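Peer 1: Here are the chains, one letter per residue:
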Amino acid sequence: MTRRLPISRGIRKQLPKTSQAQASPGSGGYVGEKREAPVKLQFFHYDEQQYTEKELASLDEINSFSVKQGISWLNVTGVHDELIIQQIGKIFSIHPLVLEDVANTTQRAKVEEYDDYLFVVLKMATIDQETKTVILEQVSLIVGPHYVISLQEQEGDVLDSLRNRIRLAKGRVRKMGSDYLLYGIVDSVVDNYFSVLENIGTSIEEQEDWLLNSPNQELLDNIYSLKRELVFLRKAIWPMREVANTLQHSDHSNIKKGTSLFFRDVYDHTIQVVEAVETFRDMMTGMLDLYLSTVSNKMNEVMKVLTIFAAIFIPLTFVAGVYGMNFEFMPELKWKFGYAFWWIVVILLAGGMLIYFKRKKWL
Amino acid sequence: MTRRLPISRGIRKQLPKTSQAQASPGSGGYVGEKREAPVKLQFFHYDEQQYTEKELASLDEINSFSVKQGISWLNVTGVHDELIIQQIGKIFSIHPLVLEDVANTTQRAKVEEYDDYLFVVLKMATIDQETKTVILEQVSLIVGPHYVISLQEQEGDVLDSLRNRIRLAKGRVRKMGSDYLLYGIVDSVVDNYFSVLENIGTSIEEQEDWLLNSPNQELLDNIYSLKRELVFLRKAIWPMREVANTLQHSDHSNIKKGTSLFFRDVYDHTIQVVEAVETFRDMMTGMLDLYLSTVSNKMNEVMKVLTIFAAIFIPLTFVAGVYGMNFEFMPELKWKFGYAFWWIVVILLAGGMLIYFKRKKWL
Amino acid sequence: MTRRLPISRGIRKQLPKTSQAQASPGSGGYVGEKREAPVKLQFFHYDEQQYTEKELASLDEINSFSVKQGISWLNVTGVHDELIIQQIGKIFSIHPLVLEDVANTTQRAKVEEYDDYLFVVLKMATIDQETKTVILEQVSLIVGPHYVISLQEQEGDVLDSLRNRIRLAKGRVRKMGSDYLLYGIVDSVVDNYFSVLENIGTSIEEQEDWLLNSPNQELLDNIYSLKRELVFLRKAIWPMREVANTLQHSDHSNIKKGTSLFFRDVYDHTIQVVEAVETFRDMMTGMLDLYLSTVSNKMNEVMKVLTIFAAIFIPLTFVAGVYGMNFEFMPELKWKFGYAFWWIVVILLAGGMLIYFKRKKWL
Amino acid sequence: MTRRLPISRGIRKQLPKTSQAQASPGSGGYVGEKREAPVKLQFFHYDEQQYTEKELASLDEINSFSVKQGISWLNVTGVHDELIIQQIGKIFSIHPLVLEDVANTTQRAKVEEYDDYLFVVLKMATIDQETKTVILEQVSLIVGPHYVISLQEQEGDVLDSLRNRIRLAKGRVRKMGSDYLLYGIVDSVVDNYFSVLENIGTSIEEQEDWLLNSPNQELLDNIYSLKRELVFLRKAIWPMREVANTLQHSDHSNIKKGTSLFFRDVYDHTIQVVEAVETFRDMMTGMLDLYLSTVSNKMNEVMKVLTIFAAIFIPLTFVAGVYGMNFEFMPELKWKFGYAFWWIVVILLAGGMLIYFKRKKWL
Amino acid sequence: MTRRLPISRGIRKQLPKTSQAQASPGSGGYVGEKREAPVKLQFFHYDEQQYTEKELASLDEINSFSVKQGISWLNVTGVHDELIIQQIGKIFSIHPLVLEDVANTTQRAKVEEYDDYLFVVLKMATIDQETKTVILEQVSLIVGPHYVISLQEQEGDVLDSLRNRIRLAKGRVRKMGSDYLLYGIVDSVVDNYFSVLENIGTSIEEQEDWLLNSPNQELLDNIYSLKRELVFLRKAIWPMREVANTLQHSDHSNIKKGTSLFFRDVYDHTIQVVEAVETFRDMMTGMLDLYLSTVSNKMNEVMKVLTIFAAIFIPLTFVAGVYGMNFEFMPELKWKFGYAFWWIVVILLAGGMLIYFKRKKWL
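Protein chains in written order, with our numbering: chain A, 26 to 388; chain B, 26 to 388; chain C, 26 to 388; chain D, 26 to 388; chain E, 26 to 388.
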């Protein structure tokens, strides 16, 4: 059977490709897994009173909405179509380096402040229900004074609850500006880490039970792949902390004073995620150490059994061998009670060994 | 027998649940273990001269007290009743994010300064006397100019000594403001860590004796669960240090100048707790290393015994086997002193082996 | 067969030689591998409209170009000819310490600001296609208001794409100043790390498959040399991060305001490289641990097999030996069913052992 | 024989007791080992010209000295008599929190600045000559403009050399103020660490010799207890560094400008102690690793001996067993040179095995 | 044979002796290895035009030189003669704490700024050509406006190249002030670390070859002593970095603006040394891990050989033993092809075992 660590595919995905790295700056195309699905453009326009939702066929339709009143939210699913990204760049006058970063899905989470808009890159973690592995996806946000453009790699349900809150005018979201929408998206992404952590936590507990009852090689492989997933999760969440912190203290004109409290809340959540990941890593390390100590203990036990058997029976076999010899002159063989006497010697020998091992606490 | 690490239940409790994480911000209900007990409202009102203590049936009774004079302390036991928390929010005009944090018992310890009040989250550690494991509980404090609201998950006796000091007007507490009451609560919570550490310290010493005399698998499991408890304790106490430090240097209007000296004292205590936890972790790591080295040493000893027995008796058995063969022409068998001579050879062989092992310092 | 870690040659190269270290400061000659190839001088002169490219026979030809208009780029391949370096120093009035650093190829990456020019040292990583090992090379840059001098140890194709962009007037490079050319070179060098990392990533994945299927000593050697390559790569890229950061925040007159955005992009890339190297190191450490745990597991299995065989057959051999003895009086030998009975005893003994090992979960 | 790590007693001593932790702040009594000895009050009064030394029967005698002229040094040996500490508090008007800290001997080293005086807590390390273990003791200092009160747990000779310098007017001490006396005490305490380190250093060298010649379990226990002593020593000295640094940069009115140079010297010494402790820890870790590697090497050697013996003689024993069988038709047994031929086969077999092991470099 | 780690002598030397630590501050005599050689006083006096060099018999001769013009360099070899140090203190009016530090050769490298002069302590590393171990020596420098006093423990050739440059007026040294002479000395001392590192690098490579071809206990000892030498080297170079940095940014009147560039160069070199030491430590750790993994691998191989031999021949020996029994009624013994049949069984058994081990990949 060929063993396989489930995460290796994920590793390859997190590194920029050479092809892209060599390109002229500001002109890089899509970098990431090959995707064929057509790009989906979902458009929301709302203010406190009214609300419109539309799936756009092309970006040109966007002009029929005033982007000066209310809040516009353009959600783009799929960043592999360079034309659409260039078109967005033209409509909203976005810097070419930003467009390059949107298409390159190997970025770290970050915030960049431009004169008219904020550019935010997030890393979203979800669990692939089939393979039970963690998937990291990039979500880019461009936040203008009256609009938010969110670009994600593939469809997902992480933002559904936020969309519903807009549709049903639940909570504050309809009453507030684009910065609160930004907060809503960042908050959804960060909170989704908790459900990923819950999954991993359950997995850790299963393996702990396994470890305590019947540890084997497969468990070892599992612990290592879980540990590796945590390495990637940690690498993803760490810069998210900086993002939340930057947004909390930002004095960009698009971030209103009152929203800062909410970003502090998000910041607290990222710290909780970081700490949970660290705790999980500590626990995995502890489990591995326990596994290795247990193996070491068992080996010791095996060795003791071997030694006891060998040390008792090898000398006895020698003693039996002595009287199996065919020397012509062996007086003991002629004695009447030779055989009985031999047994006594053998039993005394074996008993002595047992007492010796008892004293050494091997029994 | 199914082995079980005692702490695993605690782990699951420290992570926010997905259900809550997905909710609209500022609207999150209770997060934590399911509890059925009715919420208990204990109300103190005191100044230097007089003192009233009352168990409230409902929060409405609170209005019969003037919260402008003297100090009011409302102690809420049980944070799973959302209605009561909402009502407190309305009476004292508390921000919804604070109310959310009160109900979510998976917070880190922290201080948040609002215009009219301070919001302090503490982690309280106690020892469950039955299972001998550490229990972490969240205590939230809302500190206004003339009132303190403390909210804890379940009843406990950590604050009893403080309550008695108020009742008996012992110490400074009756003469001072809400900030000193805050100090009293924080100090009680921090000092309770010392009794938890004492418990763990005793446990470590027991296991050390065990380690030096008869180490086995159960000890190994114990060391690992103790180590894990320390991980959780450390995670709880670390942000408490920041809390004490923030309070010490706070210039919030509710914290008077003179109280800062007392918070410095609390800060010193949190540092002592942190250092003790670190020292315990170092000691546990040392014990584990000693355990593994001891096992390794023992394995070496077992191997030596095995090797000595095998190396002495296997050749002898071969020599005995030689003269047990039935070849027709074996001249030695006919010699008169063949048998005696054989014994001499065997004894010389065995003696040579013993000298060889002596030289190798295996004996 | 003599085993050999492939990287050792590289280590020796990264340390300054004693001979040089002892020399008078500011007078140090070439330090590095001995090279015989003649120094190559490649000269570009361009502005937005026109473009000249020339291979110079001697540095004197440079005077025929006005270095006050447009941008001049002198690319020197080979830094082992002290005369040429001194001549450059004279023509562009460069400080002697800079000239010493150019010739000493064991520098760390750094930026030094002088009144008229910036001095930048970069470390370039490439993969030697034959030996599949990482080669680190030093690239020194002197950046004046209208010129850039780049000095590299040997010819390579890392800058080819940049040269083509100048030739074809692709991208911004022809429209901008010497600071943008500096950016172009730094960006090319940093982006080349990604292709090196991709190579190493592939290598790691190969070894991971190897590890899971048939681990052996050669794999162990490979993992260790890869780990060591990462140590050197990390040592090279770490100061590059500082370089990018310094350039991003530099207020030197040769760096225009608008270029800072581009250096921020480079800085992001260096951080990605640093993180990838760290992640690779974590992965290698994990692989090593997995290797060792697997070996430990296998040893345990081997021990069990040995113990089972020994513990079953050694007692049986003894029992057989008993009835091979030649005592005259051994009643069992005369019994009619003695032999059959003996077999029954032997089979019961062996069966008992098997049940015992089954209970211990060794089977 | 019951093994015992010598340091464990020390651990228990370094933790505050629960009883104290629960008490009302500022009212805590003595915390530490139970002591019965009467408190000793040693009083010095000196200026450049004259000098008085007296053992006080009670603190009331102190009033006969003017504490405004010259320098008064009150040295209190024994902090378990609460009455005396309260009395000192009244005479010199000391803050209750300071008095609490004096009596609680589990403090970290620290400096606290009050309006009229400095409060300094030091940790003094001495070697118990009987048990050869490190003893940590708390020395508290209250430094007023013209007086120093030093409080220590038990009598010792660390300050004797300082006392002699006062008596004999050697050095600067009689010419300078209370800050220089403070310096003298801190310097004596810090310098005493060097003699403790010298002791430990000797112990390490002894164990190193032991390790290289005949490592055994007792050595392992010793290394672990030494390592643990270093953990405690490090915990004690680390905050001493901060103390020296704070005193060096203090602008408290009781510390004169010129004394700062001397505190810088003390600071240098604390750093040397910290570095020595770190170096010792590195050395202990190295010794442990060497020990474990040596054990591992020896186990390997033992295994080889076992394997060589077993692999050579077990097949030979089988060959001998073959011709010990009693089959009626065994042609070899009748051959004339059967027996001689058998020996040839046996010797070839054994020789082949030896060559095989030689090739594997096991011999 | 008694094994011995070569470095242990060096350890003892790096700790201050108790005797000194107890002395009155500012009065400490020589601390270090006992030396008998007379102190050598070498005196240089130079300016751009002229140059005098003289070996002084006593310090009184120094007055015949004007120390106000040109640069005076007094090089004192041997710091164990207290009288000479006191005399220097008087002539140049040096603070007593400086004189104490000069005589105490266990200092860390440091810079202390006094009003009229700078006091610099350096640690010089050289290789003892006989024992091939690293020797650390203290060099103290007192740098006045027109003079430099350098004090070293024993004669060495590290500064010879600098002296020659003065004699031959090579480089800048004769044209510049005492700060450049200071630079010259610091630079020589730092650059000498490179030759020490080169030596260690060669040693590492030798041991690496050894490791890959025939690892044994002696190699293990060597790796550990090398690792320990690196600990001491690191401890020595680390504060040198701070020294170079402090000198680079010093605004002391004795350090001219233009010299700062040169100290930056020295600072770069110290960083290179620090990094090389760290890299060497990483390499040593890697080698140790490789060593241990190799031993572990070999043990596994030995175990397999043992198990294969035992598992094949122990059952066969039993089968041979069965037919060596002397039961009267054993039908197989009478069969005509009993013996031949027996061989078939034996060969099948052995073959089966071989196939089993092949499947388990042990062969």
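Do not take every clue at face value.
Put simply, identical chains are the same to the list, so a pair is met inside one copy or across any two.
[Said to hold, decoys possible] With a Cα cut of at most 20 Å, we get these calculated DMTMM-like pairs of lysine to aspartate or glutamate:
| # | residue 1 | residue 2 |
| --- | --- | --- |
| 1 | K386 | E243 |
| 2 | K135 | E267 |
| 3 | K195 | E73 |
| 4 | K65 | E80 |
| 5 | K135 | D293 |
| 6 | K200 | D246 |
| 7 | K135 | D290 |
| 8 | K200 | D185 |
| 9 | K195 | E107 |
| 10 | K385 | E243 |
| 11 | K386 | D234 |
| 12 | K385 | D234 |
| 13 | K115 | E78 |
| 14 | K65 | E107 |
| 15 | K361 | E303 |
| 16 | K383 | E326 |
| 17 | K260 | D307 |
| 18 | K386 | E155 |
| 19 | K79 | D234 |
What the hints contain is simulated information worked out from the structure, not anything from laboratory work.
For clarity, every value in this text was computed on a predicted model and none was experimentally measured.
Peer 1: Next step is simple, just say for each hint if it's right about the structure.
Peer 2: Here is how each hint holds up against the structure:
1. Taking identical chains as interchangeable, the C-alpha atoms of K386 and E243 lie at most 20 Å apart only when they sit on different chains, with a minimum of 16 Å there against 33 Å within one chain.
2. In this homomeric assembly, K135 and E267 come within 20 Å of each other (Cα to Cα) both inside a single copy, at 7 Å, and across copies, at 18 Å.
3. In this assembly of identical chains, K195 and E73 lie within 20 Å of each other by CA distance solely inside one copy; the values are 11 Å within and 48 Å between copies.
4. Proximity of K65 and E80 under a CA criterion of 20 Å is satisfied intra-copy only: 8 Å inside one chain copy versus 52 Å between copies.
5. Taking CA atoms no more than 20 Å apart as the test, K135 paired with D293 passes in both settings, with 17 Å inside one copy and 9 Å between copies.
6. In the homo-oligomer, the alpha carbons of K200 and D246 never lie at most 20 Å apart, since the shortest distance is 51 Å inside one protomer and 55 Å across protomers.
7. Proximity of K135 and D290 under a CA criterion of 20 Å is satisfied in both settings, with 18 Å inside one chain copy and 12 Å between copies.
8. Taking the closest pair of Cα atoms, K200 and D185 come within 20 Å of each other only inside a single copy of the chain (19 Å); across copies the shortest separation is 46 Å, beyond that limit.
9. Taking the shortest alpha-carbon separations for K195 and E107, only the inter-copy value of 19 Å comes in at or below 20 Å, while the best intra-copy value is 36 Å.
10. With identical chains, the CA atoms of K385 and E243 are at most 20 Å apart between copies only, with a shortest distance of 17 Å across copies and 35 Å within one.
11. Taking CA atoms no more than 20 Å apart as the test, K386 paired with D234 passes between copies only; the shortest distance there is 17 Å, against 30 Å inside one copy.
12. When the C-alpha separation of K385 and D234 is checked against a cutoff of 20 Å, the pair qualifies only between copies, where the shortest distance is 19 Å, while the shortest distance within a copy is 33 Å.
13. For the identical chains of this complex, K115 and E78 are neighbours neither inside a copy (23 Å) nor across copies (36 Å), given an alpha-carbon limit of 20 Å.
14. In the homo-oligomer, the alpha carbons of K65 and E107 lie at most 20 Å apart inside one protomer (13 Å), although the nearest pairing across protomers, at 41 Å, exceeds that limit.
15. For the identical chains of this complex, K361 and E303 are neighbours neither inside a copy (77 Å) nor across copies (74 Å), given an alpha-carbon limit of 20 Å.
16. For a Cα distance limit of 20 Å, the shortest separation of K383 from E326 qualifies both inside one copy, at 14 Å, and across copies, at 15 Å.
17. Proximity of K260 to D307 under the C-alpha cut-off of 20 Å is found in both arrangements, the shortest distances being 16 Å within a copy and 11 Å between copies.
18. Taking the shortest alpha-carbon separations for K386 and E155, neither the intra-copy value of 51 Å nor the inter-copy value of 33 Å comes in at or below 20 Å.
19. Taking CA atoms no more than 20 Å apart as the test, K79 paired with D234 passes in neither setting, with 50 Å inside one copy and 48 Å between copies.
Hint violations for this structure: numbers 6, 13, 15, 18, 19, all remaining hints satisfied.
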